[in-house]
Structures are given as structure tokens and as C-alpha cells.
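There are 2 protein chains.
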Amino acid sequence: MGKDSKISIGLLGLGTIGSQVARVLLEQVDRMAQQVGRPVVLCRVAEIDQAKAQTSAVPAALITANAEELLTSPDVDIVLELIGGEHPALDYLTTAISQHKHVVTANKELMAKHGPTLISLAKRNEVHLLYEASVGGGIPIIGPLQKDLQANRITSIRAIINGTTNYILTRMSQEGLDFGTALSEAQASGYAEAHPSNDIEGFDAVYKLAILATLAFHTDVRVADIFREGISRLEARDFQYAKELGYAIKLLALARYKDDNLSLRVHPALVPQEDLIAKVDGVFNAIEINGDLVGPVLFHGQGAGPSPTCSAVVGDVLEIARGIVSGGSLIGLGAVKRNLHISPIEKLTSRYYMRLTVADRAGVLGQIANKLGTQDISIASVIQKNTNAVDQTAEIVVTTHPAAEAAMQEALAQLDGLDVLREVGNLIRIEGWS
Amino acid sequence: MGKDSKISIGLLGLGTIGSQVARVLLEQVDRMAQQVGRPVVLCRVAEIDQAKAQTSAVPAALITANAEELLTSPDVDIVLELIGGEHPALDYLTTAISQHKHVVTANKELMAKHGPTLISLAKRNEVHLLYEASVGGGIPIIGPLQKDLQANRITSIRAIINGTTNYILTRMSQEGLDFGTALSEAQASGYAEAHPSNDIEGFDAVYKLAILATLAFHTDVRVADIFREGISRLEARDFQYAKELGYAIKLLALARYKDDNLSLRVHPALVPQEDLIAKVDGVFNAIEINGDLVGPVLFHGQGAGPSPTCSAVVGDVLEIARGIVSGGSLIGLGAVKRNLHISPIEKLTSRYYMRLTVADRAGVLGQIANKLGTQDISIASVIQKNTNAVDQTAEIVVTTHPAAEAAMQEALAQLDGLDVLREVGNLIRIEGWS
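If you read the sequences in order, they're chains A and B. The first sequence begins at -10 in my numbering and counts up one residue at a time. The second sequence begins at -10 in my numbering and counts up one residue at a time.
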């Protein structure tokens, strides 16, 4: 490739993200040439859906229905994968990299499941594989972890990285909605999908945490390594009680490295209200990284949507284009490899919030405290909430001091045997930095 | 330099930052070699103060009192300037760059006053000049602005970038302290210097804003372009009244690009309490960048201190070391150059908070409203505060709708002529994103 020849981009997928990226690449062609020192040109777009192809801003002459043609074209220098999902994206990227093309992807599922393999393949083929848009939309987080924070030993990650669930939890908290109503409302507003389980059950957050933890801890984190619990069991009164106790409820993605063990979890958690991450509302995302030198650093912004995602994708394109022009070879990034032990959830130590429905009679609390006590779980606070005169039950909310997860699970099984216990309404972990 | 030869670092200055950087470079030598693919070695340290040299962890054999020796040594690949201040740092860096050495600096005053000149010199000499630590301590912000966010047209910056003043304001707000007491306390705790005017009067924030705005808007911002007002006129009751009105008071660094005009300011401001930046407390910093694609992105962390600063400095060292190993030439970054018009403070449109001491008699508010009205300033709210029976005065707090700064200054001059006005206690601008 000549010194003044253009850098050509092939784009896979004209969905909402792809269309926006195409529009920006077409509009900003002069600005990008200035930034890079050579023309950066969108030269080919693959989209199988003719309706999408026709409604987009991309000239029809650039569009093909045949992705393979784009992937093997000698004219394409950088392939952007904006299809999403595992298949056929995996085949497409594998082909592109094997054809010595640089690749940019926004695909969290793909990077969570096949990131280490694809990165190795890219290194062997001496091409770049960038994926800033796969976590946190336009929030710079992959770049800072790979570069700006590289002097640190990362000790923990605490993140709100799913906008759909954060929107639902914010509505439940602020408006007292129940889960079903908040979900329906999010679906009506376009913030949740018709089949929402990928978000609601925490899979999306798990993918993103796998990507972040793999980078931060220099170890290959697999999706199956991450404990996962969704938000569908939360009730309006959990938010009300949490608020009374001084907490917000957030779906957190957590990674913590301590004593040679890496603990990885996605679950709802009580977060102290004065904590900045408790104030991340609506569809915003926030990622807090704790490093041995830098301390806690928080990155906050819109975690999804065509424009923020486009900011990250085009940023990656410009970085690769500069790399092509500067002629630097690819070394170093991710060179440190460790094989950390993943700690199972049973080994967790946490504080807990429990909401219990019990028989409304004297001595009940003593029985519960006894069962917890035999498991070395000590109670931090108890509040009695609503009493139901009809079925003679009361609701009590218990918070505990730090306890072992395994002990807590055993205690729950034993509580289940008490005739005064009607129901364990919810068990939610409490998370601060400590 | 051979492919396996080491990369050698020369360090200028063994103050608190320099000592910490030296310690980390010495301790992490194996880890850095892994990350970079070649040994990265601290080979020379210049410190003129013998006491500092003796108490540091650096072997005496590495230390020289002669900076010139280090700067001209053919063995040094990367020079770290951690002396601070304008002189002799400017001469030192100029020499280092002219000797084709890469440089890393944490020096905000130097970069604010001479950044564009030094960057040009570095380009001509084909060396890197990195300065992540000059703004926001360890918070990644220079890197994200140069790389991750480069697809955006930046529209505004809103930042808390001076930890000393933020600590003082937080104490005034939370404890009701007056300015003098809060300052003394900050000095006693080591958060403020004995001669604090560099922080208190906003110079430090101006330096950092000049660096950020130069990068974000691709234009050479000079220190003199930035309107500056310090925090010493704030009183305990301003915090109390602001709180009643729903605001926090923060020293903000602001840059806004609109209608081909760049407005640049550092001054105390009322910020809505629900705004995330209002919740940045103590010595923490936060920088909010607004881009046309990404929307608002906020970066939050410890803005000073040896460890966070060291995180940024060593991060820069590792990036340059990788650049040396990869053999890439230096292009692109900062290639876009514009020459934006800087809008003077008189052209600002803002909402205002005014605290006035007036004669405690009927019709006073009417007279004040009239004077404001003749300048097209309309009142948003008025609250009457303390009345002083002895001198028969009252204190009133007025907030305005958006008004022109020039009109507000003229109105203040006219109010001064009213015999019912005893004193303008304070005038503080109100800042939201709008």
C-alpha cells in the first residue's frame, strides 16, 4: 500500500448502530483524513436485509448482500463487525483476520466468549482487533484499561453496565413501580426488548464483565466463571426498605482480586446512597476501577445507543488507521498472562439484606437469630414492617454483618424448616467498597 | 539500539512524586519488561537537594546533582520531568527533546504555558511528549481525549480539577465553616500549601483547563484566555442559601464551544444538587466532557497525590516504551489545528445568584428589580434572609433567569448607586448543562 493511498473500510451490518457509523464515516471523511494523514474511506457495506439497505444513507453502489465478498476483498483494510450475536459474527471475524484485515467490533457476546482466541489470531496475523464499543457504549474503558491504567495492579471492578436494567431499577426506586410494570414501561419506551431475558437475567452484564475482567486481571475469564442473578425477583418494597436503611438497589457487575482469588459476580446489590455509583440513574452506565496506585477511578456516561456506540467504533477506526500510517508493529498489549484461580460464590463473604414473612407472634425473631447464629451469622439490624392481620403474619427485614455465602445458604435451608417462617421474600447482597 | 537492549529512563526531581515514581520503577522492573517486551530500567536520577537524594529509595550510584549530565547522556531514552514549575523545567525539557529523548511530564504550569511549543518541538525531533499526569492526577483524561473520544466534536468541558479548593468547599458546605477556618484546616491536614494562592485563586485550575481545552478543541488556548475567579469571597451562608435553593457550590473549570465561539472560565458556581458533579467531594476531581456523538462522559478519581500521579506517569512511560519497541513513527495526534475565537467573559450568558445587604424597609425589592429590569435581567426567585435589627438591614438572595454578563456588571454598578443597597455580598454564576 502506497504512502498516500487511502485506508478502506468494510462495514458488516446496517442495523441502528451500523447505519449511524456509516453516516458518520461518510460525513466526516475530510476530518478523518486530517486526523490520520491519509483518506479513510467507507468502501463496502454488507447487509443481507434489503429493506435496511434501502433506507440507509449509504449509496446503493457500496452495498452488497454477500459478506464473504467484503471479507475477502483485497481492497478492504479494516472490517467493522456491527451485526452482533455469536454467529455468523465469529466466522466473519475469523475470516477477516485470517485475510490480514484489521477488525473493529462492538460485539460483547462474541468478545466475551471468543475474545482471547480472536486476539491471539489477530496477533499471529499481525492485525489490530479493537472492541471499545463492546462495553459501556461510548465511555472510554477498554482503552484506559489497556493503556492509561497499565501501571496499576487492578484490585477490583464495580460497574453498572446494563442500561436496560438500570432504567427499570431507577423507575422502581423513584416511582415505586413493581417489576412487571417497570419492564412493560421500558419496553414501550424502547429501553427493553420484547424478549428481555438477555438484559433482565444479567447475561449482557456477564458478557461485559468477562471482557473487563480478562483485561484488568490479565487472565482469561469465561462466561461460566461469573456468578449471575437477574433482577426479576426484586419488589417495590425492597426499594422502599433499602431506602429506609440508606441504600439504593443496583444490578452490579463485580470483580475482586484478593489473596490470589478472583471473585466474579453479577447480581442485584444494596449500595450505600452516598456512594457515587448509587447515583447512576436511568440508562447511564458507570464503571469503577480500583488500582493499587490510582485508587478508585469512575467512568460514567451513556452505555448504549447508536451515537455513543458510534463514538467508540469510529474512535477505534481512527486508532487503527493511525497505526497503519505510522507503520508500528503490534506488540506488548496484553503480553502479561496469568492463570488466576476463580473463587466460587460459596466462598464469598458479604453482608446481606433479608426480607422474611413470619408468623406474627412473640419469640419469632429469637428463633431466626438462633438459626443464623448457629451459622456464625450475626444480625446488624432488624426492622419489622407490615403486619397482615388476616393471615397473622408480619414482614421483617434483617441486615447482617459480614458472613460466608455458604453459611448463609445453609442458614436459609434451616430457616425453611421453622414453622414460624412463611417465606423468604428476598435475599440481597450489600456492597460497599470495604 | 538493538532489539533486545534495554530502554533507559532518566528522572528529574526526587520530590514526593519523583520518589514514588522511582520506587515503582525499581520495584516493577520485571512486570514492565513483560508488558513492554524489553527491559525498562531507571538508570539515572537528577536531584540537587542532597537530603532528598539520601532519604529516597534510589541507590546513591544512580543519583547526580547535575541535570545537564542526565539530559545529554546518550544512555537515556526517556526523560521524566517531575520538578514542577516553569523554570528550569522548560529549559530541561527543551534540551531533552532537542537531544531526541522522549519525555514525560506531570507539569501543568509548563504544559499550560508552553505545551504547543514543546509538542511542536517534539514532533520535529520525532519523539513522544506525554503529560497525562498534568491534569486530574491518575484519572485517565489526556489519553481518552486524544484517542478514545477523537471521533467526537467536543462541545463542552465542565470540571472540578483542583483538589485543594474542592476540599475547602466541601468542608465549608458540610460543616458550615467559614473560608479562613476551612483553609487553615486544609493547611493543617496537608491539603493546602502554606502559600495557597495558586490553588485558592484558581491559577492551578486555569493551567489544567488550558491543557484540556487545547486538546479538546484543537486550538491553542493560552492562560490569559481564561477568565479566572477564586473562592476566597465565598461565605458560609452562601453554602447555606445555595443548599436551600437546591444547589452545591463548586469551583468549576468550564469550556464551551458554541456558534464559533469558545468560552473559557474558572470560577465558583452553583450546581444543581442532583447533578453528579455536585456530588464530587473532598480532594476528588471530576472531568465531564460533552461530545456530539458520545454525549456527556464523566471521569472521576483522586486528582493528586504521589500514587495516583505515579499511575499516570508510569502509564506514559510504558506507552512510550511500547512505541519504541514497535518502531512506529509519530503522526496524526493533534494534526487538526483550528484557530477558534475566544469569547470574552462580557459575552457570557448565565443565570446568577446574588446576595445583597439592603435597608430593611418597604419598597427595596421593587427598586432592585427595576434596576435589574432596565438591564433586561429578570428575577427567578427572591428569598429574604436574616434581618439585623441593630443596623436595620436585611439580607436578600436573588436568583436570575439567563442574563448577559455585561448587563449584570452594569446592573451591579447601578445598584451601587441605590441608597437602600448596603453591600453586594456575593455574585455567583449558576451552571447546569443547559
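Certain hints may be false.
[Stated by the list, open to error] Dumping the calculated BS3-like pairs for lysine-lysine here, alpha-carbon to alpha-carbon at most 27 Å:
1. A:K(-5) with B:K326
2. A:K326 with B:K102
3. B:K102 with B:K336
4. A:K268 with B:K326
These are computed hints drawn from the structure, not numbers from a lab.
Cross-check of the supplied hints:
no.	hint	result
1	A:K(-5) with B:K326	holds, 21 Å
2	A:K326 with B:K102	violated, 42 Å
3	B:K102 with B:K336	holds, 25 Å
4	A:K268 with B:K326	violated, 38 Å
Taken one by one, the earlier hints fail for this structure at numbers 2 and 4, listed in ascending order.
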